[in-house]
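Start from the sequences, fold in the hints, and give me the full structure.
First to last, the protein sequences are chains A and D. FYI, the working numbering numbers position 27 of the first sequence as 55, with every residue one higher than the one before it. FYI, the working numbering numbers position 17 of the second sequence as 1, with every residue one higher than the one before it.
For the record, the hints were derived by calculation from the structure and aren't laboratory data. The model shown is predicted, which means the values in this text are computed figures rather than measured ones. Wrong hints could be hidden among the right ones.
Stated by the list, open to error - Here are the simulated lysine to any residue pairs, SDA-like style, with alpha carbons at most 25 Å apart: (1) K70(A) x L82(A); (2) K67(A) x S15(D); (3) K135(A) x S38(A); (4) K73(A) x L(-11)(D); (5) K73(A) x A18(D); (6) K73(A) x S(-9)(D); (7) K28(D) x I134(A); (8) K70(A) x G51(D); (9) K28(D) x E69(A); (10) K73(A) x P26(D); (11) K131(A) x S42(A); (12) K73(A) x P123(A); (13) K73(A) x W60(A); (14) K67(A) x S70(D); (15) K131(A) x T48(A); (16) K70(A) x E(-15)(D).
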Amino acid sequence: DIQMTQSPPSLSASVGDRVTITCRASHDISIWLAWYQQKPEKAPKSLIYAATSLQSGVPSRFSGSISGTDFTLTITSLQPEDFATYYCQQYNSYPRTFGQGTKLEIK
Amino acid sequence: EMQLLESGGGGLVQPGGSLRLSCAASGFTFSTYAMSWVRQAPRKGLEWVSGISGSGDKIYYTDSIKGRFTISRDNSKNTLYLQMDSLRAEDTAVYYCAKDWNGLDYWGQGTLVTVSS
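Written out as C-alpha cells, the structure is:
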C-alpha cells in the first residue's frame, strides 16, 4: 500500500497569512493526488485534483504543486472560512490512502 | 444538482452484528462513475474503505475490512451499498459515500455507525 505522510499535524496562522501543507508519497503516484478541506461535523470537500488542478468553485487562493513524490497545498491570504482540517489522498492505486490530516487553527 | 444521500446508520449495533448502508445518488449519470466508501472514526482522520467501478465489475477493499464488508451497486436504482458483517467496535465511524472522479470529487453528508454492546 502507498503511505501518505502529511505535515505538519497542526498549524496556527492569522487571517491574511500564507500557509503551506505538505504530503509525501511512499512510492511514485505520478500526479494522482487530491486535497480536501473538512470543517467540524461536515463532509470533506474536494479542493484540488491531479496535484495542481482546482476543483470548480474553489477560490484561487488555493493552489497545489508537485516535486517528485512531494506535494504541497498552499493557501495565500488566509480567510476566516479557511480554518479547517486538510487531507491529502493518493488515487494512483488501490487501496486509496489519505494523509493523517493538518488542522489549521487561528492564531 | 448532484446529491449523495447515505442511510442505514444512526442506531446501535452489537459487536458481531450486521448492517447495510445505502447511498442514493442523483444529479449525475451514476453508472458512469466509480464510487467509494470512506469512514471517519470519532476524532480521527479519513480512511478509505472500499471502491467499485461504474459497471460493478471491479471491486476493491482496504485490508481491515476484507472478508467482512461487501460493496455493491444497483445502477437501475442509482444506489450504492455497503453490507457490513461481523462488525467490531473499531468499525464505529461516520461512513461517507463519494463519487470517485478526479479524486473523490463529491461526498455525501455521512451516516453514523456505532458498534457497541
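Checklist entry - Where does the structure disagree with the numbered hints, that is, which hint numbers, in rising order? => result 2, 8, 14
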